[in-house]
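Number of protein chains: 2
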Amino acid sequence: MTPKHGQLIYEGKAKRIYETDLDNRVLIEFKNDATAFNALKHEEFEGKGRINCEISAHLFEVLEKAGVPTHYLSREDDCWMLAKHVEIIPLEVVVRNIATGSLCKETPIEQGKELIPPLLDYYFKDDNLGDPLLSEARLERLGVISKKKKLEVEKLSSQINILLKAFFKQLDLTIVDFKLEFGIDKNGQILLSDEISPDTCRIWDQRNSDDKARILDKDRFRKDLGGLVNAYGEVLKRIQGLSSKPHNCS
Amino acid sequence: MTPKHGQLIYEGKAKRIYETDLDNRVLIEFKNDATAFNALKHEEFEGKGRINCEISAHLFEVLEKAGVPTHYLSREDDCWMLAKHVEIIPLEVVVRNIATGSLCKETPIEQGKELIPPLLDYYFKDDNLGDPLLSEARLERLGVISKKKKLEVEKLSSQINILLKAFFKQLDLTIVDFKLEFGIDKNGQILLSDEISPDTCRIWDQRNSDDKARILDKDRFRKDLGGLVNAYGEVLKRIQGLSSKPHNCS
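Quick mapping for you: the protein sequence lines, in order, are chains A and B.
For the first sequence, position 70 matches number 70 in this note's numbering, and the numbering has no gaps at all.
For the second sequence, position 85 matches number 85 in this note's numbering, and the numbering has no gaps at all.
Hints are computed from structural coordinates only; laboratory data are not their basis.
A few of these clues could be false.
One copy or two, it doesn't matter: identical chains are merged, so the pair holds either way.
As the list claims (entries may be wrong) - Lysine to aspartate or glutamate pairs mimicking DMTMM-like chemistry, simulated, CA-CA at most 20 Å apart: (1) K212 x E110; (2) K41 x E140; (3) K65 x E11; (4) K148 x E234; (5) K65 x E29; (6) K148 x E136; (7) K113 x E136; (8) K113 x E140; (9) K4 x E46; (10) K105 x E140; (11) K4 x D77; (12) K113 x E181; (13) K149 x D33; (14) K125 x E136; (15) K149 x D205; (16) K155 x E136; (17) K65 x D131; (18) K125 x E110; (19) K150 x E110; (20) K223 x D78; (21) K179 x E136.
Can you build the whole structure from these sequences, using the hints too?
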């Protein structure tokens, strides 16, 4: 039974975070809203919240099993997730395996280029400033993360990338890039937080070579391609298919 | 006598570079054009080219004397400078002593905040891309500078900042921030190149506490404050006043 939610602690573009009557536990509500271009574009998609909640829950479970500490505790009804309370580090950590999106607008790196090693960028999480890219010097100057914790974040992000790449590969999906957020719990431990879903990842369908049709993520909304909920649903279906496969007990 | 210029090698927003009949020497013509906001704003200022050429020549001489290798050879007539031919590294190195401009639009760092240590950012020199800020990962990925040369550039930039701060201080001027470009000569040596002028530095007059009146650099153009040539001329006048002061021979 989902615990009762208390006061709203925080409302973001795609989620609401509520207090609960459990110590250091919060309830996260995944919203149907989709926003892009720093919320200049906005639309609601019936069913998106539930799908993203389910996908995120599953991915957090996969990562936890592999030893990545996350804020995830359990998936509750519909679009609700129970998680540990954390102080979010105001950074977006973006890991890219294939060049696309803003990277190709802001550098001469060609669209579709495989990035070896993967490229890790920090953005400052601030809607008013439009979540700007940070240079090393700016990141250091802002003082939002210690050198030690930064190294830890980079090690975790790299580990998460390896795990997600392998996980999606078995679903015939390519994880092109993704955004992570980290939080610090009451014990000072870094936990992967926020969500991991087609809102925060670029996911391409390996079963489809068409540049547009293969897109199963928020780029369907950014690029007005339509079919967002179906695309997200396809990702979820493949994930569910995987867990319903009979185990090989030989 | 100024050597004859040959073929135009490169035309930028504020300078033209020509071949000469001297080996590995180029002639640089400082233009009267001022551009801002990635050339969306453009205007000509009679006399600016000559003033910037004189200021740059003087600053290159100051830096050379202090051991900074530069492309500068001599100032020729009017708006012409003779320099060593270099391959420009396509990076803009921006050193900031006081927070202002884009830094304050792209981070929560407050306008006017003194930056200790000074903040060094790399931008990719590419007009079509709007000279974008680079993260460490992007810079590394672009492969436009080796790790060894990058360290050298950072050491030189820091040294140049110390020298420029001290130089301007004795003129009652504050060097707020500045942009440097480096080139590589035929021997593979890194040389400070491009120009150092009120087009590429922010310079505030310490004799004037008014936020606008104290501006003696291209911000007069960016912010439509007027009096650009007078402001640049004031910087030059103080520099010239310094060199015409009688030496203290005690």
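(request) Please write out, lowest number first, the hints stated earlier that are contradicted by the structure. (result) 2, 3, 4, 5, 9, 12, 13, 15, 17, 19 and 20
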